[in-house]
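Engineer: Model the placement of chain B on the given structure of chain A, informed by the hints.
Listed below, chain by chain, are the residues.
Protein chains: 2
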Amino acid sequence: MNKQLILVKRPITIPEKDTWELRSTAIPKIADGEALIKTHYLSLDPAMRGWMLDRKSYLPPVGIGEVMRAGTIGEVIESKHQSFEVGDILSGWGGAQQYFTTDGDRQYKVDTSLVPMTKYLGALGMPGMTAYFGILEVGKIKKGDVVLVSGAAGAVGSVVGQIAKVKGCTVIGIAGGTAKCQYVVETLGFDGCIDYKSEDLYTAIKSHCPDGINVYFDNVGGDILDAALANIKLNARVVLCGAISQYNHTEVQGPKNYLSLLINRGTMQGVIVLDYADRYMEAAMQMGMWMMDGKITTEEDVYDGIENFHETFMRLFNGKKRGKLLLKILED
Amino acid sequence: MNKQLILVKRPITIPEKDTWELRSTAIPKIADGEALIKTHYLSLDPAMRGWMLDRKSYLPPVGIGEVMRAGTIGEVIESKHQSFEVGDILSGWGGAQQYFTTDGDRQYKVDTSLVPMTKYLGALGMPGMTAYFGILEVGKIKKGDVVLVSGAAGAVGSVVGQIAKVKGCTVIGIAGGTAKCQYVVETLGFDGCIDYKSEDLYTAIKSHCPDGINVYFDNVGGDILDAALANIKLNARVVLCGAISQYNHTEVQGPKNYLSLLINRGTMQGVIVLDYADRYMEAAMQMGMWMMDGKITTEEDVYDGIENFHETFMRLFNGKKRGKLLLKILED
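Heads up: the protein sequence lines correspond to chains A and B, in order.
The opening residue of the first sequence carries number 271 in our numbering; numbering runs sequentially from there.
The opening residue of the second sequence carries number 271 in our numbering; numbering runs sequentially from there.
One chain only, chain A, in its complex shape:
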């Protein structure tokens, strides 16, 4: 049987367990030109919260009664597709289910001989691409810039900071708790890290970046965004990548310090990774080389079983995870 996680209601604030229903159906049969995939890992991303809202956005909302949208990596176990053979590993949009069929649309064959497959949902997947294009194309970092990154121990933030280090920037992270901050500095090599759970944000940023911030990469929104805005330099760039602190609120907390953009002629700009789809290859190659060279280190935090989807999903919001959050769906 095929266990699937179906979206059955639209949460207003924090998604409860009954937002989804676990259903068992028959494993689907493949037609000519299709392959059957067994999903090994599923990616848990803050963006999923947005896909559950019934509003116009960069992707249509997941429909009620549909399988929850999710990035996956899995193995071809049966194939009538001309490009895929049994045993191939495919990364793409498999959704929250154990098995699915594909005609190949938005599924990419990946090579797991040099890196474990989980990396294709992290640094070599959407989070890595988001970090790459967000900090380089929207953040427009250059050598010597002071770069502040929130969600610094997370899947995107950890890569953003390491790319900025490669490019010769001074990089300060913001993360929750001593252990994460230690990881950000000692393992990821940031120049400093602020613990938002125990430090006064404005003062801490001011002390780490006494001359101000050139680029702020925001994954969180809320008070952290405000404290960052209060510390920007002339012509600073604020990259809006996410607002994890706000996704479960009915009303978003707007940045009351947004006029700092006016005084400092700053720019605040959103980044959506899908816009760079035709350049993923470039970014993935570059990221792969940096990983091989030891310049980019990433970590995956893996939980087990589609039954534990809700509990694992909540770790995105309660901070109980480090690096890329994954759910193992079926054994290798």
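Please note that the accuracy of each hint is not assured.
[To be verified] Pair by pair, the computed Cβ-Cβ distance ranges are:
1. A:Thr-295 x B:Leu-504: 48 to 58 Å
2. A:Asp-470 x B:Asp-324: 13 to 23 Å
3. A:Asp-373 x B:Ser-468: 51 to 61 Å
Please keep in mind that the hints were generated in silico from the structure rather than gathered at the bench.
Glycine included, each C-beta is placed from N, C-alpha and C at the ideal position.
Structural biologist: Relative to the frame of chain A, chain B by itself:
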């Protein structure tokens, strides 16, 4: 005697009359290399509210005990300056006083044979330069864009919209009251105008711009900014020029719809006209030609007497003015 308006305290919210003190001193004597100016008109600008705050900004705050900073236009009545003769008209930073001396720093001789001198504090002065560089350099308008402008009947907004019309855009204004909206459409030639005092903002914007906004030029902040953000198109530009609705608040209302910038890959960027000082000549020439050609129409709203500074200043916030707000200081 020389009547001067001195800043004597820093208002927290709405500036009361006792924020300033009117003092009489002797008319200053000029030294070699200086000229004495009799001020004819003083410019009242929303930015003045910011200059009264004791905080780091794009200009140092006006000091307590100092003459209030203000743009002026006046006449040379005595000169030991090699470039200025008695009768010359100078535009610059004269401050809120009847007479002042200058060594020529940031004072520009202007030609009043074709346009009345008041235009040099409006379309040919800071508001016009702000409109020009804000909409062209930050807004980056191009033919066919849908442009929304708040404060549309004001000194900056009225020029912004007319420049956008010259460039082939569809232009919708936002202003307060039927009379102003009529002025914006019938006299200034905007394609439409929304009365924020009587219309639901979101719905009205949606109805005037059914396919969304390419560029929003914001002079006001608050709920209008939020309604505009909710209606932006993909890759929209939001030009932050001011936030008149917020200047007398102790805590600024942050735009709770700022994540629309993320979903739509929009950009929000501040403009400070001083950054374009080396291009004022270009803008002033262009603006002058558009004015001569009837493409840009502006209006000045002139009140009389330095004694009425406070009451006139408050018109910036209560909306009881149209076009460029000026105070006549001394008769011609």
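Engineer: Using the beta carbons of Asp-470 (chain A) and Asp-324 (chain B), state whether their distance is inside 13 to 23 Å or not.
Structural biologist: For Asp-470 (chain A) and Asp-324 (chain B) the Cβ distance comes to about 21 Å; the hint holds.
Engineer: Range first: 51 to 61 Å. Now tell me if the beta carbons of Asp-373 (chain A) and Ser-468 (chain B) are that far apart.
Structural biologist: 54 Å, holds
Engineer: For the hint 48 to 58 Å, verify it against the beta carbon of Thr-295 (chain A) and that of Leu-504 (chain B).
Structural biologist: Violated: the Cβ-Cβ distance is about 37 Å, outside 48 to 58 Å.
Consistency note: the structure conflicts with earlier hint 1 alone.
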